[in-house]
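6 protein chains.
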Amino acid sequence: MPFVQIDVTKDGVTREQKAQLISGVTKLLLDVLQKDPDLTHVIIREVETDNWGLSGIQVTEKRKQSKA
Amino acid sequence: MPFVQIDVTKDGVTREQKAQLISGVTKLLLDVLQKDPDLTHVIIREVETDNWGLSGIQVTEKRKQSKA
Amino acid sequence: MPFVQIDVTKDGVTREQKAQLISGVTKLLLDVLQKDPDLTHVIIREVETDNWGLSGIQVTEKRKQSKA
Amino acid sequence: MPFVQIDVTKDGVTREQKAQLISGVTKLLLDVLQKDPDLTHVIIREVETDNWGLSGIQVTEKRKQSKA
Amino acid sequence: MPFVQIDVTKDGVTREQKAQLISGVTKLLLDVLQKDPDLTHVIIREVETDNWGLSGIQVTEKRKQSKA
Amino acid sequence: MPFVQIDVTKDGVTREQKAQLISGVTKLLLDVLQKDPDLTHVIIREVETDNWGLSGIQVTEKRKQSKA
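Chains as they are written, first to last, in my numbering: chain A, 1 to 68; chain B, 1 to 68; chain C, 1 to 68; chain D, 1 to 68; chain E, 1 to 68; chain F, 1 to 68.
Same shape as in the complex, but just chain A:
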């Protein structure tokens, strides 16, 4: 009965990559905890880099700095 929420920054994650995340997490829960895939839900949330903070600043800013 697992429910998995994956938050990632919105960076052009492709449909194929989302499919890989979903199948990978579902298989992991089957392998480790024997969870029935038909009861495993996975949600991927894409978050704008302006709305995600790390080290006290927006990821948008953090990336600019690391490129500078």
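The set of hints was computed from the structure by calculation and includes no laboratory data.
Hints may contain errors.
A pair counts as met if it fits within one copy or between any two copies, since identical chains are not told apart.
Unchecked claim - With a straight-line Cα cutoff of 25 Å, these simulated BS3-like cross-link-like pairs (lysine-lysine) come out:
1. K10 - K67
2. K27 - K62
3. K10 - K35
4. K62 - K35
Put chains B, C, D, E and F on the given structure of chain A with help from the hints.
Just chains B, C, D, E and F now, kept in the frame of chain A:
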């Protein structure tokens, strides 16, 4: 003081349907737990079918298969 | 495919009350959005009153004040 | 290792305001719990007023009433 | 910068199984999205079977029925 | 109408520290977004270090290593 988060697939849920979900959940919490409606918050999150996985595949794919 | 998370303060919610919340929310999603109950998951999270804040203070304190 | 999720209604929160929320929360966790800012993640979720309910009605409606 | 929340029923998940979930999810995010493991946080939330509902009833009840 | 969820590791956070987090976050939302404190809810979730992973390992392990 309840806080309710409802995740559903993004399938053209109408404004009226959202209003029904909100009033229904709020009434339920009043009836069952005597929770003051002025303290009950409800958030509806609509999730793209590419971002929701079940049985290890995207809901988008799952629906195609069930129609095939 | 709905997923519902209900946060309430930990106040001795009984097993029967939890069952009523679960059946009520599931029925609501069936009635309003025609969601298959077999795909509707509901999680109830009970939160200690020291860990829930409203108006800037802990619910534990808030209740003391309203009784005073 | 804190992770903070801030849900607010989608009301034209500016980039600068988001930056202030992120730096403010991160500083608070450093001051109160000595949490390393490099391990503090903050996510801001903006929720449409049609998708947020309070007192059993949509915030969109609630605001109309309070202006009426 | 991913943040992953895994909700599972509280069924005696062992420490070793939790370690496997954490390493598995982190590796998946590295493989699929090239996410730096030092920025990937994973939280496992164990939920009492009385607090998890599926098909409108508590998982506790659902399991009794499937054994009957 | 903000709703704030703070996940931290379960490390003996005191009642007073929780009160400071709650008042601090509520004040921040008032200062930055003019949010009414009576509508600001804050939930603190304390997560066992075995249930929190970073860099692919449990925080429990990570701390042992950094002390070694």
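As a check of your reading, is K27 near K62 (CA-CA no more than 25 Å) within one copy, between copies, both or neither? Intra 34 Å, inter 17 Å, cutoff 25 Å: inter-copy only.
Between copies, within a copy, both or neither: which fits K10 and K35 at Cα up to 25 Å? between (29 Å within a copy, 13 Å between copies)
Treating 25 Å as the Cα threshold, decide for K10 and K67: within, between, both or neither. Close inside one copy (19 Å), not across copies (31 Å); limit 25 Å.
25 Å Cα cut-off: does K62 pair with K35 within a copy, between copies, both or neither? between (38 Å within a copy, 15 Å between copies)
Going down the numbered hints, you'll see the structure goes against none, and every one checks out.
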